[in-house]
Amino acid sequence: MNAAFTVPLTVLASLLVGAFVGTGGFTFVSAKGVSYLSDDPAVCVNCHIMREQYDGWRQSSHHAQATCNDCHLPQDNIVHKFYVKASNGYRHSKAFTLQNFAEPIRIVPSNSKVLENNCLRCHAEMIDAITAHGTLGVAATPAGNVDVHGCVRCHVDVGHGPRR
Amino acid sequence: MDDKPGRFKSRLPLWAAIIAGAAALATALVMALYSNISTRQAEAREIAFKVLDLDERSIDPAPWAKNFPRQFDGYQRTAELTFTKYGGAGPNQKPISKLEEDPNLLMIFSGYPFSIDYNRRRGHAYMLTDQKVTGRVTKAKQTGSCLHCHASNAVAFREVGLKRGAPGTLDESLTSAHGQAQLLEGLDGVSRMPYDQAAKLVEHPVACLDCHDPKNMALRVTKPAFIRGIAALASGEGLVPHLPSIEKWRQGDRARPYDPNQDASRQEMRSFACGQCHVEYYCGPKTTLFFPWNKGLKVEQIEAYYDEYRFPDGHRFFDWKHPKTGAEVLKAQHPEFETWSQSLHARAGVSCADCHMPYVREGAIKISDHHVRSPLLNLSKSCQTCHRFPEEQLKATVLAIQDRHHALMMRAEDALVQLIGAVEKARKSGMDEAALQQVFDFQRKAQWRVDFINAENSMGFHAPQEAARILAESIDYSRQGFVSLSALQLSASRPNSAPSTKDKSGILGQTIPTPSGSGTSASFEKTASLVRAPNN
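As you go down the protein sequences, you meet chains E and X in turn. First residue of the first sequence: 972, per my numbering; consecutive thereafter. First residue of the second sequence: -3, per my numbering; consecutive thereafter.
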């Protein structure tokens, strides 16, 4: 290619990369992107879909004890925690942008396991006698949804408050 | 040696072009995402778009549609022809006739307008037009009471009230003291009008103003018979654990009557708005339209109120005199609110709107679905919010409950039709009305109960065990009537040992059943020995 194009094309590329970084940064900030790195429950209603769950949590018995992330993210190590956070964030933002998700929204099996483990993490002492016999934990169903089979099947309102 | 840097240098323009293109595309995508995010954020901020001012005269839904386009879209869709196994009018413009579906009803409603024309119901949009063309209105005389629920009536009733001397003007809020006085005075006025005259006062089927305050969109009730009925319910003894605001009012000083527009919670209003019409009531010509809730909402509490009630001419309450038997019987309307009141769903705080108008989301906006319809047509939004099971499983559960009640209801109707046939035969062979009074009471009780479930639009689902109990009682009363009639006939053919009600020695050496006015359990015990399993 002609070297005469080199300078103008390099300038154009630099300008456009700059525009991308600028608009991307602006969008990230206007969408409160930084907040997603925090543990603040208000972050979960940024996109409005979780409004009912958030309002319910404020009425629930766990309100003073546990935030969204305490139950819905793994607490074993920070890498695992942010891996799950990022994969959920990706799925949520994709679904909300494309508006192609089924309602009512439901917890997916992998998150069910995280949730159930967090129930057991705090309440281990109390429920040792039950778990010793293998009667708790995510059931061996193909879907393994905790809302049908786990602790929260019965203790449905401890996290998100009364349903109605 | 200098080959590589040389090649890179020569390809630099190409790389620059590729980077420029990719950056441009990525920027465009980022801007699209930004626009999407802004839209959602705007939706979350603005849930109402006030284009027009609405007031107490805004009876036409069209201006409301400008402010609430999403709700209006759903409201309009009630014109769609939806149906389920037991509900809805079917796939054709002409609704399915209940009389053709179930010929037992011709015998049961003999002599009453429901034997002329009785169709499965269509959506809200048709409530006024369908009423104007039903044979029950065109071939029989009806009063203006029908329009209490078949039309958006608030303004019409208030105008009639004003003409009859109620205080204030139409500009005052419907919930103000003057507004309420106009409404109640209007109810008395319109109930005395013939249907045709009253129908000229209204033009819309149920509309926004019937359930919403035009100033702030808050839910409110506007149907005067409901306002009177729920106040009477609160003053009475009937248990209403599912309506905490009534229990609270009862514990208070009761200085003023219970007023749903002041006292009820929003969640209760999400049932009261529907309970304004989906209830049992009297709408005949003999007195003003009323809801029979003074003693409570259960089937026998309503019956007890009717049994005590005297028309202005002093006669015991009845809807019509059955021409084949001579019994004065009751017609149930559509007691959905009363039946729901006996359900687990009601006790769990689930309102009518939770299932029939579930929340739906459009973008970031959450509204309640104003396409009011059967939850069976919208299982994911209606049921799965609480019951996290597959749709097919939920549907099968509901249908199993409905099928069971339908089978039980058919048995109850057959039993009643057999009783009516036997009494008709006895009348023809010369038995007079006076001798048959106790049989008539059984017919009245059996008819009231089976009709309570037949007229109720859920085929038992609104309160499964309660509905089955009512049907079981209906079957029992029909059979007790049959036994009672047989005993009378037997004693008539054996003049020497005519049993009086005192010695109670009836057929087969057993007690003759007599309808107990005090309650069902007593008569169950009294007659338990009469109807035995074959091997007992």
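Derived by calculation from the structure, the hints in this document are not laboratory data. Backbone N, C-alpha and C define an ideal beta-carbon position, used for all residues, glycine too. Please note that a few of the clues may not be correct.
[Unchecked claim] Keeping only pairs whose Cα atoms sit at most 27 Å apart, straight-line, the calculated BS3-like set for lysine-lysine is:
#1 X:Lys362 to E:Lys1056
#2 X:Lys362 to E:Lys1003
#3 E:Lys1065 to X:Lys362
#4 E:Lys1084 to X:Lys377
#5 X:Lys320 to E:Lys1065
[Claimed, not checked] Derived Cβ-Cβ restraints for the label pairs, each shown as a range:
#6 X:Ser261 to E:Thr1102: 24 to 32 Å
#7 X:Ser31 to E:Pro1133: 34 to 42 Å
#8 E:Asp1010 to X:Ala38: 35 to 43 Å
#9 E:Arg1062 to X:Gly359: 15 to 23 Å
#10 X:Arg250 to E:Asn1071: 52 to 60 Å
#11 E:Thr1102 to X:Ala251: 52 to 60 Å
#12 X:Ile361 to E:Ser1032: 28 to 36 Å
#13 E:Gly1060 to X:Gly359: 18 to 26 Å
#14 X:Ala18 to E:Gly1060: 19 to 27 Å
#15 E:Glu1096 to X:Lys211: 49 to 57 Å
Hints versus structure:
| no. | hint | result |
| --- | --- | --- |
| 1 | X:Lys362 to E:Lys1056 | 26 Å, holds |
| 2 | X:Lys362 to E:Lys1003 | 22 Å, holds |
| 3 | E:Lys1065 to X:Lys362 | 20 Å, holds |
| 4 | E:Lys1084 to X:Lys377 | 25 Å, holds |
| 5 | X:Lys320 to E:Lys1065 | 69 Å, violated |
| 6 | X:Ser261 to E:Thr1102: 24 to 32 Å | 40 Å, violated |
| 7 | X:Ser31 to E:Pro1133: 34 to 42 Å | 38 Å, holds |
| 8 | E:Asp1010 to X:Ala38: 35 to 43 Å | 28 Å, violated |
| 9 | E:Arg1062 to X:Gly359: 15 to 23 Å | 18 Å, holds |
| 10 | X:Arg250 to E:Asn1071: 52 to 60 Å | 54 Å, holds |
| 11 | E:Thr1102 to X:Ala251: 52 to 60 Å | 57 Å, holds |
| 12 | X:Ile361 to E:Ser1032: 28 to 36 Å | 30 Å, holds |
| 13 | E:Gly1060 to X:Gly359: 18 to 26 Å | 20 Å, holds |
| 14 | X:Ala18 to E:Gly1060: 19 to 27 Å | 24 Å, holds |
| 15 | E:Glu1096 to X:Lys211: 49 to 57 Å | 55 Å, holds |
In terms of the numbered hints stated before, the structure departs from hints 5, 6 and 8, listed from lowest to highest.
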